[in-house]
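Q: Taken in order, these protein sequences are the chains called X and U.
Take the first sequence: its letters are residues -8 to 331, numbered as in this note's numbering.
Take the second sequence: its letters are residues 254 to 389, numbered as in this note's numbering.
Label pairs and their computed distance ranges (CB to CB):
hint	chain 1	residue 1	chain 2	residue 2	range
1	X	GLU252	U	SER384	43 to 51 Å
2	X	THR31	U	ASN336	21 to 29 Å
3	X	GLU252	U	ARG273	36 to 44 Å
4	X	LEU164	U	ARG328	39 to 47 Å
FYI, nobody ran anything at the bench for these hints, they're computed from the structure.
Only a predicted model underlies this, so the values are computations on that prediction, with no experimental measurement involved.
By construction, the Cβ of each residue, glycine as well, lies at the ideal position given by its N, Cα and C atoms.
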Amino acid sequence: MTLAAGVLEGNRLALARLLTHIENDTAEGRAALGELFPHTGRAHLVGVTGAPGTGKSSLVNQLARLIRNPGGGQAPQRVAVIAIDPSSPFTGGAILGDRVRMRDLAGDAGVFIRSMASRGSLGGLAATTSGMVQVLDAAGFEIILVETVGAGQAEVDIARLAHTTLVVEAPGLGDEIQAIKAGILEIADILVVNKADRPGAENTERALRNMLQLAHPVQHTFRHHGTLESVSSAMVQPVNEQPIWVPPVLRTVATEGSGMEQVWQAIIQHRQHLEASGEWQQRERSRLETELDGLLQATLVSRWRNQISAQEYQRVIARLVERRISPWKAVEALLDGDQA
Amino acid sequence: MSDRKIRVLVAKPGLDGHDRGAKVVARALRDAGMEVIYTGLRQTPEMIAEAALQEDVDAIGLSILSGAHMALVPRLMELLKANQQGHVRVFVGGIIPDEDVPRLIEMGVVGVYGPGTLTDQIINDIHQSVSSAAVL
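Between the sequences and the hints, there should be enough to build the whole structure, so can you do that?
A: Written out as structure tokens, the structure reads:
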């Protein structure tokens, strides 16, 4: 039995092994992704990001618990968690400690948690997170929670991956200037003020609400690779007449589980909004475009590197270091064979 | 193409709350370039086996200072086998009486480390046993 077939049958060992193949970008992993891809596109991908220590892992723990025990006679959905922590830039090693806060989820066959090291990626995710999400999607997990590396201001890749992005804040981390800077707060579909039992929670909430009031609703377009790309396609319904989603600001104390019901309801409402407005398809398309772009770039670079001789490369670098040619000239020399 | 990293689960089964040693070892393994999944205190063998499966680790490091190793370790080894995770290398550190060491080795534990062990020794042992397991 192939790993892909095992994953579709719900074999957890096959799933875990395949995730390792994807993470290590093996040929077997790529082949399995090819088999599984037609089975993807069903899961609701929820990103959880925010500064280190704001309580992302605790929030994910409580959220997953709630989804597993929804109450009110609703059927529990299956939850997968991908939790990413940073790799050391010097040794490549990592401490992946998010499971410490997720012990409440142990022993539930409807939950699957996987820790990942960022392995040098800078956007808050790892290069292979997207592929891992696809495998979990194909495995039938209805909700996939992706917890990013503790993010500062510019780690916004999660917004390209997830349908719904939660940005977690905690009291005392910054003033209103932080709130009006560009970056992480802009990508929030839901803003969570965690540790709301601490002093200063009102101030944090007020700063976030003020920021939202100033912000005029804009269409979600993502700057990447230097150009501002707006997703416009005849296949996507225009969203202009649809109601605009204004991110709610919700208070939680994740260690005690308070406020979690409101967060989960907001996630459900956001999904309904995405589906009703046509933005769901739009985000799917933009996400797949981004992924294709990234893979294309990586593949082109690695193919080109296989072609160029190491001596030629070293020769150009030497000239660059001697400051006889500029970095741009060096690129031209390598790509076009110009004798600079 | 493939960027293979050794993944190690560091867990603290049982009821004692002294996790300093586990943290020191976790940090040393990180500095040796490994990816360490740290699960924290008071883990049951069931929780450890489940985490090892989900994380697809190459090795498990257990820190036990409670004296309950002769109950916890065999249970974990049993669960790993049941999960078809027999290839996972198990290491034990902590306070283990000398006479118990051969019994743990017999159960399939690769190494037992008492107080004063150099972290380099643990790192070397993990490298050696994982490469000989030839997984993936």
